[in-house]
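Use the sequences and the hints to build the structure in full.
There are 2 protein chains.
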Amino acid sequence: MSLLDSVPINDRGLLLGDGLFETLLVERGAVIDLEPHLDRMAAGCETLGFPALDRVAAARAVADAAGSLAAERAALRLTLTAGSGGRGLDRPASVTPRLFATAAALGAAPEPARLVLSQVRRNEGSPASRWKTLAYLDNVLARREALAAGGDEALMLNSRGELACAAAANLFWISGGRLFTPALECGVLAGVMRARVLARAAHSGLEVAQVRAGPDALATAEGAFLTNSLTGVRPVATLDGRSLPIPALIARLAEA
Amino acid sequence: MSLLDSVPINDRGLLLGDGLFETLLVERGAVIDLEPHLDRMAAGCETLGFPALDRVAAARAVADAAGSLAAERAALRLTLTAGSGGRGLDRPASVTPRLFATAAALGAAPEPARLVLSQVRRNEGSPASRWKTLAYLDNVLARREALAAGGDEALMLNSRGELACAAAANLFWISGGRLFTPALECGVLAGVMRARVLARAAHSGLEVAQVRAGPDALATAEGAFLTNSLTGVRPVATLDGRSLPIPALIARLAEA
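Those protein sequence lines, which keep their order, are chains A and B. The opening position of the first sequence corresponds to residue 1 in this note's numbering, with each subsequent residue numbered one higher. The opening position of the second sequence corresponds to residue 1001 in this note's numbering, with each subsequent residue numbered one higher.
None of these hints come from the bench; they were simulated from the model. Cβ atoms here follow ideal geometry from the backbone N, Cα and C, with glycine treated the same way.
Label-pair distances were calculated between CB atoms; the ranges are:
#1 A/E222 - B/R1178: 49 to 57 Å
#2 B/R1212 - A/E222: 36 to 44 Å
#3 A/A195 - B/H1203: 55 to 63 Å
#4 A/G49 - B/E1222: 31 to 39 Å
#5 B/V1056 - A/G150: 30 to 38 Å
#6 A/T238 - B/D1090: 15 to 23 Å
#7 A/D39 - B/A1251: 51 to 59 Å
Quick look at the structure:
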């Protein structure tokens, strides 16, 4: 199915954002963390009311896409839509999801992030805020705002004004020597790399507090970083133009 | 362009919900309210940072789709995506939007609505909440919730808990003989039929208050109705199973 190169214009992913995706890192042909990504997509299928994920087909699409590209590092995207449907919001009685995967070469790891606080709020009042859905326009608009303001990534608050995430990454910060990250209930994606950082910190005896916190928490932070599957741990260099320190702990996490 | 029957899998509408749509009524081949629908899509292009809408191409796609179907009444959908793009959230330096239109026959006007209060909140903190974007998953999920609860349409509150809209319609109610509707700042689509009802009411010397109000306003209402371009004015029969009266005023508006 990774050979699919187009979808019909009655696809519900295209028409309504009715679908899910995953972004995976491929290093020298090896797909990193396939299982947790498929786990998340399978759980997203449940939330959205899709048929159970066909993990065999999904893994095959991923393998085909990973094999289609000879690159040191690649970004692989797996996309699942609700398939073809009739007019309007309601899915057909029987949903046949559509699955495809593509890969693109990745350049060097990006520089530390220049965050800009976005006006676009994260909607913690939607189940979709916990999943990577095809309805990702808010993140597109937040990123555009950050680029226009001279940054390279957006910091998004939720509708209660609490810290949530970046447009394409989870957020962590350090305060009083402790690690913090927004709780999932803040409208946050359960990131695969977020889970790895939590597990790694626990393994090192470091506690990470999952909290509801306002943007002031970043104003007094000793440093902050972003996580996603492609860039791992990425330090934050600036927030709205103000420099943040990058303590040794973040540099260590980024290397690991 | 209405002859397009598929889009490539690098289309940003498909991958990210990066695009807009309009739904228009066609009666015996005549497209109703084309200009206000194109006006809204053009304004949405500005909000999303798209190139200016090609109104000539859009009108041609609409006319072609309307002419493709011999039906007494049809629903016509015009879809505009940000076109093909590379990997990730950021649009290419030069965006070439992709436009297509389709039509489907419509049955008889639906019965009065059986509304169910949804758990999915409308995100008034996103500019997308004011436009018909391809990131419509929240509306899909709200509608699913309503159907599962035995209703046929969802009532959505915004993140502040204020009345916003239905999954695919604007909301009005009557209280003390006056008409009310949620203000646009509640995260509400500036519906074409909403604007027509506002204009018609003003013409009849009826004031419509555009307000921020909680769901209690409906508990004491003398009646409520939904509006959209396909069903016009549709009375609300029940809210969470409780019957609402349908006063003569709503019946008159529905006929007009």
